[in-house]
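Make a model of the complete structure from these sequences and hints.
According to the working numbering, the stretch in the sequence shown is residues 3 to 846, in order.
Warning: the hint list may mix true and false statements.
To be verified - Below, computed lysine-lysine pairings styled on DSSO-like, alpha-carbon distance capped at 27 Å:
1) 401 with 121
2) 816 with 802
3) 597 with 584
4) 53 with 86
5) 382 with 358
6) 5 with 121
7) 397 with 118
8) 9 with 86
9) 597 with 626
10) 42 with 121
11) 42 with 404
12) 118 with 402
13) 597 with 650
14) 401 with 9
15) 86 with 5
16) 816 with 661
17) 651 with 597
18) 42 with 107
19) 9 with 404
20) 118 with 404
None of these hints come from the bench; they were simulated from the model.
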Amino acid sequence: MQKIEHKINLNMSQPNNFEYIHAMQGDYDAEFVIATLYDKNTIYNIDSSTKVILQGATEFGELIVYDNIIINDDRHSVTFPLTKEMLSVSGNISFILSLVDTNNKQKKSAFPFIVKNTKEITASTPVLILQAITDYVNRAEKAAKDAEANKNITDENAAQSKQYLETTKEQADIATTKAQESSSSAVDSANSAIQSSKSATIANEKAEVASTKATEASSSATNAAQSEANAKKSFDEVTRLEQSVIDHKNAVMQSTNNAEESAKKSESWAVGGTSTRDGEDTDNSKYYSEQAKNYADKAQEIVGSNFITQAEKGVAGGVAELNDNLAVEKAVGDEKGNNIQGTYAKKSDTMVNLLKPTLHTTTENGITCTENGDGTYTVKGTATSTVTLPLGSIKRINKKLKICGSPSGAGLNTYGINYGEIIMDSTADVGNGVMYYSTDEAGDFLYVFVMNGQTVNDIIFKPMVTTNVNATYNDFVRYTGDTGSVSGDVADIKTKIDGIEPEAEVNQNAYSRIQITDIMDGTCSIVDATGKSSCLDIRSGEGIELVEKTSGFGIRARLSNNLVTNKAGFALDARQGEVLDKKITELKKSVSDGKSAIASAITNAGVSTASDASFATMSSNIAKVRTDTTYTDKSHIIYGETAYVQGKKVTGTMPSYKKDIYYYGAYANIIGNENRSMYQAGRCSLWCSLIKHMKQTFTLTGSTGGTNTPSTGVFDDGFGAFWLESHNDGYVNCFSGNESTIDLTNYDIMLVRIAINSDSYNGTTFLRGWIGLTDTNNGDTINEGNYGMIAGVTYNATKKGEWEFLELPIYVTKLTGSKWLKISLVHGGEVQMQSCTFIPKREY
3 MQKIEHKINL NMSQPNNFEY IHAMQGDYDA EFVIATLYDK NTIYNIDSST KVILQGATEF
63 GELIVYDNII INDDRHSVTF PLTKEMLSVS GNISFILSLV DTNNKQKKSA FPFIVKNTKE
123 ITASTPVLIL QAITDYVNRA EKAAKDAEAN KNITDENAAQ SKQYLETTKE QADIATTKAQ
183 ESSSSAVDSA NSAIQSSKSA TIANEKAEVA STKATEASSS ATNAAQSEAN AKKSFDEVTR
243 LEQSVIDHKN AVMQSTNNAE ESAKKSESWA VGGTSTRDGE DTDNSKYYSE QAKNYADKAQ
303 EIVGSNFITQ AEKGVAGGVA ELNDNLAVEK AVGDEKGNNI QGTYAKKSDT MVNLLKPTLH
363 TTTENGITCT ENGDGTYTVK GTATSTVTLP LGSIKRINKK LKICGSPSGA GLNTYGINYG
423 EIIMDSTADV GNGVMYYSTD EAGDFLYVFV MNGQTVNDII FKPMVTTNVN ATYNDFVRYT
483 GDTGSVSGDV ADIKTKIDGI EPEAEVNQNA YSRIQITDIM DGTCSIVDAT GKSSCLDIRS
543 GEGIELVEKT SGFGIRARLS NNLVTNKAGF ALDARQGEVL DKKITELKKS VSDGKSAIAS
603 AITNAGVSTA SDASFATMSS NIAKVRTDTT YTDKSHIIYG ETAYVQGKKV TGTMPSYKKD
663 IYYYGAYANI IGNENRSMYQ AGRCSLWCSL IKHMKQTFTL TGSTGGTNTP STGVFDDGFG
723 AFWLESHNDG YVNCFSGNES TIDLTNYDIM LVRIAINSDS YNGTTFLRGW IGLTDTNNGD
783 TINEGNYGMI AGVTYNATKK GEWEFLELPI YVTKLTGSKW LKISLVHGGE VQMQSCTFIP
843 KREY
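Below you can see the structure in the form of structure tokens.
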């Protein structure tokens with residue numbers, strides 16, 4: 003028996019995209035599946051350490067496992083049979099192919115696929131055809147058994163009876179299969195029914211042969227004794243075959259065990275006409291064979307409405323007539339009235355295209371795809387990377403469809419049309435089209451693709467999704483509708499005409515006249531349409547003008563209800579006119595309000611400008627606005643901010659503070675400004691920071707000397723300024739305030755202003771000391787007084803008996819919280835603490 007192969011593609015990383023594997027319930031080991039594995043668009047290679055297992059589940063949850071799977075030599079495909087267990091039940095069986103790495107103990111499964119098992123003939127074949135076939139087999143079988151029972155069958159006769167029964171069984175199987183396939187689609191049903199007819203005819207011929215042999219058996223009675231042993235052997239073989247038919251098809255009824263009829267009666271059951279029993283002419287094998295053929299022909303008539311059927315009789319010399327569904331109502335006949343028909347070919351005048359392209363002219367990765375306006379596309383360029391452009395979605399209509407339209411030269415490695423995410427044989431049209439079956443749960447986008455590195459020169463794609471499975475590139479028609487049938491699309495077009503949709507065409511030959519009514523004043527005009535070939539064009543003007551032309555294209559109403567149509571011959575729909583008018587009004591108001599605001603600003607700047615002045619006038623007046631030349635330095639503009647000075651953009655550098663500036667003493671010291679008396683709080687920042695005067699009180703907390711106690715003093719001015727004196731050369735005097743500073747978080751610098759006067763000079767050193775901060779109120783006099791300071795600065799006198807003035811910064815950027823101030827003197831002299839200013843961190 004010839005073995006059947008099913009080639010499928012299984013994906014390891016995304017859902018598969020192919021039809022069911024169809025099989026018959028009860029078959030086994032006669033069909034093989036070759037599955038090629040993919041990782042998205044790339045071939046998936048199977049490691050040598052991998053074991054492949056197939057697991058399946060029926061609709062009732064029954065488990066099927068098969069592990070004797072062959073890994074093919076190419077290492078990316080496997081082969082396995084459809085076993086008896088797999089085909090033992092009808093319905094959909096879901097399978098998963100799993101790969102197990104025996105070394106690493108890893109498992110990876112491909113996405114599921116489905117085997118659709120068609121139920122056996124006894125459960126699914128149409129009752130009338132099944133009964134005819136069953137009766138036919140019973141009668142033929144009985145005729146053979148009657149001949150044997152009469153013991154007049156020779157060896158040759160018995161062999162012929164056996165062959166006849168085997169042929170009967172085979173033809174019954176073929177008829178069963180073809181009848182079952184008739185339920186899947188209209189065209190397949192017609193072909194199956196025709197095949198059933200042919201099978202029945204063949205069976206009839208076999209029945210007639212059996213009848214002839216039975217007749218011969220009557221004349222061979224004298225040889226019966228010699229053939230008895232062989233006849234008995236043949237009878238046993240026929241009985242075994244009969245049981246096989248019963249077991250596999252459940253359709254052959256139990257045959258009669260009593261064979262008492264003669265060879266003549268055998269002939270009666272085979273072909274009738276012997277006058278040995280009543281009603282034999284309508285109760286014999288030949289009769290039932292003819293009935294089976296009649297039922298098959300009737301099935302063809304029922305399901306084959308788009309074809310000329312055998313049952314139709316043509317009219318000699320007449321004209322073929324079509325019904326409302328464009329099926330043959332009455333065929334053309336020859337001189338004897340027989341149908342004139344050749345092949346069941348496509349009708350090109352009823353070609354449909356379900357694809358409504360949505361792709362507009364675009365360029366991607368070096369490829370330019372130009373929309374031609376008639377549903378076709380011109381593609382040119384060199385692809386710098388693989389290009390896939392979406393043409394549009396495939397309508398879900400539950401029919402088998404054909405996708406075609408790729409030009410000459412198409413291929414998986416060049417260019418073509420494909421559906422779904424993977425470009426492969428089963429999804430791509432590379433010249434001959436590709437089949438597609440869409441259900442309510444399915445649906446894909448259609449793409450045009452050009453592979454990386456491929457150069458194309460003005461090739462034309464004619465994408466088409468059609469119900470005509472014989473369609474080719476040259477059969478292209480533009481989008482006809484999405485129902486999948488001419489009658490459905492015609493009804494859809496009529497609906498559009500009734501509503502005068504944009505671009506709808508009306509054939510004036512279907513109407514006696516056309517009335518055009520002005521909805522504004524109620525007046526109307528009548529156009530006589532009978533016998534005319536004219537076209538009404540809608541043109542723009544003060545209103546809508548209808549102009550009659552002789553063109554032969556029918557009456558055309560071309561109204562555009564969108565704002566993107568750019569073709570000639572279209573008038574704007576009133577709804578879009580309203581939208582445009584509203585947008586224009588809004589735009590005019592926005593411009594008017596904006597001009598008024600600009601004119602007001604220019605006027606406030608000193609140049610009078612009317613709100614309805616032109617933009618040119620406003621631009622000229624802006625240039626006349628006077629700019630103050632006094633503050634042209636960028637240091638007078640806040641850091642990071644911009645201003646226009648004499649027509650030029652200037653970015654400021656002046657620092658600004660968001661924290662208040664505190665000081666005590668007589669002066670507020672601010673970096674960049676001269677010292678000035680600030681006994682009153684004042685503003686120092688455009689960010690509203692304040693300079694605040696505070697009071698700080700200091701007391702002597704410790705001193706050290708030699709043999710004499712130093713003379714010291716603190717003089718408070720009431721605002722924190724103080725004096726420290728030590729007139730004993732060689733001694734260290736340390737003082738610390740009895741109040742802590744402000745919280746130094748977010749402050750940058752303590753700016754200290756002091757005056758010093760040294761009254762000693764030992765030949766190398768004048769008065770010196772430290773000013774700094776400590777964590778505690780510590781008056782320790784270790785070293786020169788800088789012990790325990792966490793931030794500080796030293797001072798040194800340069801002369802004796804003269805006052806010197808210093809501004810010393812103490813950097814407190816990294817400090818937080820309040821601290822204590824500490825001052826020390828080394829050698830004799832006087833230190834005046836005139837002021838201390840706390841400068842915050844700059845925030846620009």
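| Does the structure break any of the earlier hints, and which numbers would those be? | Per hint list: 2 and 10 violated.
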